[in-house]
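First to last, the sequence lines map onto chains A and B.
All the letters of the first sequence, read from the start, carry residue numbers 1 to 158 under my numbering.
All the letters of the second sequence, read from the start, carry residue numbers 159 to 234 under my numbering.
In case anyone wonders, no lab produced these hints; they're calculated from the structure.
A few of these clues could be false.
Distance condition first, Cα-Cα at most 20 Å in a straight line; then the derived SDA-like pairs of lysine to any residue [claimed, not checked]:
1. A:Lys72 / B:Lys189
2. B:Lys203 / A:Ser136
3. B:Lys203 / A:Arg89
4. B:Lys189 / A:Ala28
5. B:Lys203 / A:Asp16
6. B:Lys203 / A:His142
Some chain A residues well away from chain B (every beta-carbon gap over 12 Å; in silico) [said to hold, decoys possible]:
7. Ala4
8. Val7
9. Leu49
10. Tyr71
11. Val131
Only a predicted model underlies this, so the values are computations on that prediction, with no experimental measurement involved.
Every residue, glycine too, gets a C-beta built ideally from N, C-alpha and C.
Okay, here's what each chain looks like letter by letter:
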Amino acid sequence: MPQAETVNFGHLEYDDHAVIEFPRGLPAFENERRFVIIEQDSTRPIVFLQSLSRPDLSFMALPANSVDPGYKLMPASEDLEDLGLAADREPCEGKDVVTLALVTVWDNRDATANLMAPVVVNVATRHAFQVVQPWSGYSHQHRLGACRPGTAEQAAAL
Amino acid sequence: MLIIRRRVGESILIGEDIEVQITEITGNRIKIGISAPSHVLILRKEIRLAEQENLAAARGVSPEAVHLLLQHFRSP
Numbered sequence: 001m002p003q004a005e006t007v008n009f010g011h012l013e014y015d016d017h018a019v020i021e022f023p024r025g026l027p028a029f030e031n032e033r034r035f036v037i038i039e040q041d042s043t044r045p046i047v048f049l050q051s052l053s054r055p056d057l058s059f060m061a062l063p064a065n066s067v068d069p070g071y072k073l074m075p076a077s078e079d080l081e082d083l084g085l086a087a088d089r090e091p092c093e094g095k096d097v098v099t100l101a102l103v104t105v106w107d108n109r110d111a112t113a114n115l116m117a118p119v120v121v122n123v124a125t126r127h128a129f130q131v132v133q134p135w136s137g138y139s140h141q142h143r144l145g146a147c148r149p150g151t152a153e154q155a156a157a158l
Numbered sequence: 159m160l161i162i163r164r165r166v167g168e169s170i171l172i173g174e175d176i177e178v179q180i181t182e183i184t185g186n187r188i189k190i191g192i193s194a195p196s197h198v199l200i201l202r203k204e205i206r207l208a209e210q211e212n213l214a215a216a217r218g219v220s221p222e223a224v225h226l227l228l229q230h231f232r233s234p
């Protein structure tokens with residue numbers, strides 16, 4: 001089984017099936033092309049993306065429809081082409097694609113999810129792109145309520 | 159912010175070295191030609207936003223961050 005050393009997950013053994021390939025990397029990380037998807041029962045629905053080229057690089061992500069249940073992907077035709085998806089129909093979530101929003105946890109405000117530029121994975125090819133959709137009307141910082149430092153203590157006290 | 163109206167074919171000059179020309183308008187989309195020295199960065203704004211978000215997202219991963227994020231799904 002392939003293995004990798006990681007800062008956040010220690011020594012990792014993974015299935016080739018769990019590797020996703022970003023042909024263009026991600027904005028600000030254009031050279032990082034290979035990531036492994038990590039899901040754990042204890043941390044669902046969070047999906048972790050661990051870089052296989054940089055042990056210190058990982059992202060937290062959420063399925064876009066767990067952030068916004070009505071979430072609708074609005075790719076341009078070039079995006080569908082990049083992803084290797086049919087141009088004439090909407091990709092089916094869960095079957096054709098998995099759509100994830102990368103999450104940022106902040107020091108002094110609620111965590112946010114980037115719904116404007118989701119990571120879209122082609123299920124069949126395991127190729128992925130971060131699809132930047134400024135026309136979608138979604139926010140690059142969609143607020144996830146109750147994720148502010150301090151609220152954990154408040155919730156525990158209830 | 160300076161707001162200027164232009165028609166197709168008209169241009170705007172920025173500094174000594176930059177020209178922005180409106181080359182085509184179709185419906186609600188506009189085609190813009192930009193000439194600038196190669197050292198000047200030209201970037202669609204949403205790409206810069208995506209870069210900044212990705213950098214912040216990558217910086218923030220930790221067990222504490224995971225715990226915090228799960229609050230969103232656990233709390234009433």
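Which numbered hints fail: Structure breaks hints 1, 3, 4, 5, 8, 9, 11.
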